[in-house]
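S.K.: These are the residues of each chain, in order.
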Amino acid sequence: MSAYNYETFDGYVASGDEQREFAAWPDLLHAGDAAPEIAGTVLDGDQLALSSVWQRRTTVVEFGSFT
Amino acid sequence: MAWYFVYTREAHPGEHVTHHTSFETKLDNARLLRDEIGIRRPILVDDLEGTAHRAYGLLPNMTWVIGRGGRILYRADWTSAANVEAFLDRYEEGRRRRPPGGVVSSYVSEQIEFRDVDREAFYDRLRRNGPRSYDEFKHAERLWAERD
Chain V
1 MSAYNYETFD
11 GYVASGDEQR
21 EFAAWPDLLH
31 AGDAAPEIAG
41 TVLDGDQLAL
51 SSVWQRRTTV
61 VEFGSFT
Chain W
68 MAWYFVYTRE
78 AHPGEHVTHH
88 TSFETKLDNA
98 RLLRDEIGIR
108 RPILVDDLEG
118 TAHRAYGLLP
128 NMTWVIGRGG
138 RILYRADWTS
148 AANVEAFLDR
158 YEEGRRRRPP
168 GGVVSSYVSE
178 QIEFRDVDRE
188 AFYDRLRRNG
198 PRSYDEFKHA
208 ERLWAERD
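So the protein lines, in turn, are chains V and W. 1 is the number that this note's numbering gives to position 1 of the first sequence; each next residue is one higher, with no gaps. Quick note, this note's numbering runs 67 ahead of the 1-based positions in the second sequence.
It is possible that some hints are incorrect.
Claimed, not checked - Below are the DMTMM-like pairs computed for lysine to aspartate or glutamate, each with C-alpha atoms no more than 25 Å apart in a straight line:
1) W:Lys205 - V:Asp17
2) W:Lys205 - V:Glu37
3) W:Lys205 - W:Asp183
For the record, the hints were derived by calculation from the structure and aren't laboratory data. Here the structure is a predicted model, which means the values were calculated and not measured.
Full structure from sequences and hints, please.
M.R.: Rendered as structure tokens:
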């Protein structure tokens with residue numbers, strides 16, 4: 001299993017990954033840049049690429065989990 | 068206007084809401100999120116490796132607005148529905164506005180915002196994921212304090 005799906009939150013913090021990811025974010029994408037594709041699976045199992053949505057409509061995308 | 072919730076890795080996995088060891092686990096957790104938390108926006112589940120999440124920087128509670136055609140209009144490292152809605156109102160008003168004899172030009176701005184923190188409610192959500200989720204977060208708080 002990759003470190004992306006870490007098993008323990010304190011282990012993720014102790015590894016320094018959390019600190020590195022927060023430090024990198026300000027220099028990532030900015031307003032005005034082309035949006036990278038967001039492709040995934042909807043809950044009924046179908047595939048969806050959000051570019052097919054934002055070609056037609058302004059799209060708000062929230063990233064998250066249970067907490 | 069379209070709104071989507073992209074389900075990522077579990078930020079604070081526990082005994083009840085576990086980290087993802089397979090895509091099926093991730094999809095099951097996303098369905099649980101819809102059913103127990105009551106998220107009404109369409110949920111899109113990122114792949115197990117977090118391809119979309121990585122492309123947008125891996126932070127746990129981001130919101131982005133993508134304009135028609137695919138240009139990023141807004142990004143925030145924390146989700147505030149009120150802030151997003153205020154931005155969308157200003158953006159749509161700006162697009163519509165055409166002063167007589169004048170022109171409208173766009174510009175980019177960046178601000179620091181503030182949010183209320185209800186620590187006890189957050190701890191309750193950690194405990195909901197499982198007791199170890201709370202314990203690990205308390206340990207992480209000590210690690211952060213040692214860095215300061």
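S.K.: If a hint holds in the structure, say so; if it does not, say that too.
M.R.: Cross-check of the supplied hints:
For a cut-off of 25 Å, the pair hint linking W:Lys205 to V:Asp17 stands: about 18 Å separates their Cα positions. With a C-alpha separation of about 36 Å, the suggested pairing of W:Lys205 with V:Glu37 is violated against the 25 Å cut-off. At roughly 20 Å between alpha-carbon atoms, W:Lys205 and W:Asp183 fall within 25 Å of each other, so this suggested pair holds.
Checked against the numbered hints above, the structure violates only hint 2.
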